[in-house]
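Protein chains: 2
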Amino acid sequence: VLGGDSRAVARAISLVEDGSEALEEISANIMAGTGKALSIGLTGAPGVGKSTLAARLVAHLRSDGDRVGVLAIDPTSPFTGGALLGDRVRMQEHATDPGVFIRSMATRGHLGGMALAAPEAVRILDAAGYDVVIVETVGVGQSEVEVASQADSTVVVVAPGWGDAIQVAKAGILEVADVFVVNKSDKDDADRTVKDLRSMLEMDSQDDPPPIVQTTAVEGGGIVELWNAIFERHVRQRESGELAERRRSRLIREVESLAAEKYRMRAVAALDAEGQIAEDLVAGRIDPYRAAGLLSHMIGSGTG
Amino acid sequence: VLGGDSRAVARAISLVEDGSEALEEISANIMAGTGKALSIGLTGAPGVGKSTLAARLVAHLRSDGDRVGVLAIDPTSPFTGGALLGDRVRMQEHATDPGVFIRSMATRGHLGGMALAAPEAVRILDAAGYDVVIVETVGVGQSEVEVASQADSTVVVVAPGWGDAIQVAKAGILEVADVFVVNKSDKDDADRTVKDLRSMLEMDSQDDPPPIVQTTAVEGGGIVELWNAIFERHVRQRESGELAERRRSRLIREVESLAAEKYRMRAVAALDAEGQIAEDLVAGRIDPYRAAGLLSHMIGSGTG
Numbered sequence: 001v002l003g004g005d006s007r008a009v010a011r012a013i014s015l016v017e018d019g020s021e022a023l024e025e026i027s028a029n030i031m032a033g034t035g036k037a038l039s040i041g042l043t044g045a046p047g048v049g050k051s052t053l054a055a056r057l058v059a060h061l062r063s064d065g066d067r068v069g070v071l072a073i074d075p076t077s078p079f080t081g082g083a084l085l086g087d088r089v090r091m092q093e094h095a096t097d098p099g100v101f102i103r104s105m106a107t108r109g110h111l112g113g114m115a116l117a118a119p120e121a122v123r124i125l126d127a128a129g130y131d132v133v134i135v136e137t138v139g140v141g142q143s144e145v146e147v148a149s150q151a152d153s154t155v156v157v158v159a160p161g162w163g164d165a166i167q168v169a170k171a172g173i174l175e176v177a178d179v180f181v182v183n184k185s186d187k188d189d190a191d192r193t194v195k196d197l198r199s200m201l202e203m204d205s206q207d208d209p210p211p212i213v214q215t216t217a218v219e220g221g222g223i224v225e226l227w228n229a230i231f232e233r234h235v236r237q238r239e240s241g242e243l244a245e246r247r248r249s250r251l252i253r254e255v256e257s258l259a260a261e262k263y264r265m266r267a268v269a270a271l272d273a274e275g276q277i278a279e280d281l282v283a284g285r286i287d288p289y290r291a292a293g294l295l296s297h298m299i300g301s302g303t304g
Numbered sequence: 305v306l307g308g309d310s311r312a313v314a315r316a317i318s319l320v321e322d323g324s325e326a327l328e329e330i331s332a333n334i335m336a337g338t339g340k341a342l343s344i345g346l347t348g349a350p351g352v353g354k355s356t357l358a359a360r361l362v363a364h365l366r367s368d369g370d371r372v373g374v375l376a377i378d379p380t381s382p383f384t385g386g387a388l389l390g391d392r393v394r395m396q397e398h399a400t401d402p403g404v405f406i407r408s409m410a411t412r413g414h415l416g417g418m419a420l421a422a423p424e425a426v427r428i429l430d431a432a433g434y435d436v437v438i439v440e441t442v443g444v445g446q447s448e449v450e451v452a453s454q455a456d457s458t459v460v461v462v463a464p465g466w467g468d469a470i471q472v473a474k475a476g477i478l479e480v481a482d483v484f485v486v487n488k489s490d491k492d493d494a495d496r497t498v499k500d501l502r503s504m505l506e507m508d509s510q511d512d513p514p515p516i517v518q519t520t521a522v523e524g525g526g527i528v529e530l531w532n533a534i535f536e537r538h539v540r541q542r543e544s545g546e547l548a549e550r551r552r553s554r555l556i557r558e559v560e561s562l563a564a565e566k567y568r569m570r571a572v573a574a575l576d577a578e579g580q581i582a583e584d585l586v587a588g589r590i591d592p593y594r595a596a597g598l599l600s601h602m603i604g605s606g607t608g
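Residue numbers (my numbering), protein chains in the order written: chain A, 1 to 304; chain B, 305 to 608.
By construction, these hints were calculated from the structure, which means they are not laboratory data. Just so it is clear, the structure is predicted and the values come from calculations on it, not from any experiment. Take these hints with a grain of salt, some might be off.
Residues from chain B shown here face chain A by an in silico Cβ test under 10 Å; the list is partial [unchecked claim]:
no.	residue
1	D309
2	S310
3	A332
4	S561
Idealized CB from N, CA, C, for every residue including glycine.
Put together the whole structure using the sequences plus the hints.
Structure below.
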């Protein structure tokens with residue numbers, strides 16, 4: 001992985017998907033080589049053109065000489081065949097480029113699901129020398145927002161006429177967006193969508209509200225402007241110390257979640273081993289807090 | 305709460321929202337009184353008419369003499385003013401009925417968020433003697449699906465012309481739905497939506513595929529059919545033992561999550577107390593697995 005071998009990277013990411021025990025060793029060995037890549041979370045409702053936009057961004061970055069990794073993630077559903085095939089089709093022009101690594105990711109066993117698997121996969125690409133890692137998620141639910149907001153820079157894509165301004169607000173995404181993209185901006189109601197977004201951002205009254213960039217990804221319009229908006233904000237956040245602070249709190253939260261998930265596995269095993277707790281719980285003789293307390297005592301005293 | 309006093313119920317649910325420590329005692333005292341209510345999760349995209357449908361269901365249940373609790377939950381967003389006000393307006397006819405308890409719920413501090421808070425609130429209403437508890441969630445993201453699928457019966461509402469069939473598949477909701485509702489069935493493309501849903505359910509090939517009921521909630525059409533569909537499936541699941549199995553695994557998962565969240569809080573405190581772990585992590589000297597292992601050791605040996 002550290003040598004940038006794309007087959008080694010692919011195998012390592014498969015281990016992340018599986019939640020393999022080999023991950024602990026890989027993670028320990030690559031950690032010191034991470035921290036150089038700029039990670040970009042790309043999220044938005046299905047159909048807004050995220051994949052086309054990602055392909056255009058990749059082309060732009062390649063013309064600058066950057067190596068790019070792309071992870072396509074759908075954390076919510078096993079029904080991803082269509083979306084991810086779509087990604088691959090649109091990404092095809094980059095499939096044979098050794099400077100681009102493209103991968104659709106699912107979790108098949110990683111403890112903690114995609115929220116913990118995605119940052120590990122990003123670190124693998126980072127350690128392998130990819131300059132930019134794009135994490136594309138499907139949908140705007142809480143899990144997608146969580147995954148996308150683990151990146152250094154979160155780009156939220158909307159398209160005119162999807163009622164997207166409201167969806168964005170509903171998903172709690174205003175708070176995590178670094179850059180908004182209104183794609184399909186050749187459509188009639190694009191200006192209206194920009195206006196809606198702007199007034200929502202004003203209501204939210206952040207210190208440094210995210211810029212709104214208009215693109216027509218199919219024709220390649222606005223891609224340079226989009227990259228510039230992402231990069232300018234990134235530089236500003238790096239210089240202000242916000243990037244370092246974000247990466248720090250992200251890592252700490254990740255460790256807390258990892259510790260909690262490992263503990264959950266011990267709790268599952270302890271509940272299995274001591275069937276009486278489950279029986280008492282189901283019969284209503286003890287409540288969930290008491291059951292959790294009993295489990296914690298069992299695990300703590302080493303009998304679990 | 306056990307006496308069915310609605311002010312006591314309201315106060316107890318506020319404690320759930322706050323994640324108050326008093327919960328442990330309340331939870332212990334009401335547990336034996338739970339298990340009688342039928343809980344119904346009602347989910348679907350904003351605008352499909354869930355609230356109107358819920359109000360109609362309440363009216364129908366009241367005409368049968370049942371006491372009904374309604375919890376309106378938006379787990380993903382602080383931007384809920386509009387939606388929840390909507391609920392209240394549509395629910396107004398029931399607001400003065402002592403046999404109906406209506407409450408919009410948010411989490412202000414409950415550990416584990418709505419996924420753990422919602423089942424506690426349902427148990428409070430159950431113990432207070434409400435025969436049916438409707439949990440209405442906003443949206444079809446993973447969190448909403450999680451909350452809605454914790455009910456005994458999960459009802460998924462779609463409306464024609466929203467591209468909802470695909471949204472439903474994306475949200476992984478096929479697997480958790482007990483009954484599908486196509487609301488606004490007076491619209492032209494309602495039949496098309498029913499057809500789309502049916503073919504998706506056929507692809508999914510479940511043993512006992514969920515029925516699809518067509519309603520026009522504003523006019524009150526199809527509500528009796530909907531209730532009959534919910535209740536028939538509930539009876540079937542009760543007789544086959546599936547309901548008991550579901551409730552059992554739900555409680556066990558809840559305890560596991562509760563134990564893991566309590567542990568997460570200890571991990572957060574341990575990371576704070578032992579600053580060196582965070583420093584080493586952020587500097588890349590140790591990786592997240594090693595950090596989680598060190599934390600686990602600290603907490604286990606009682607130094608955390």
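Hint compliance check: list the failing hint numbers for this structure, sorted ascending. 1, 2
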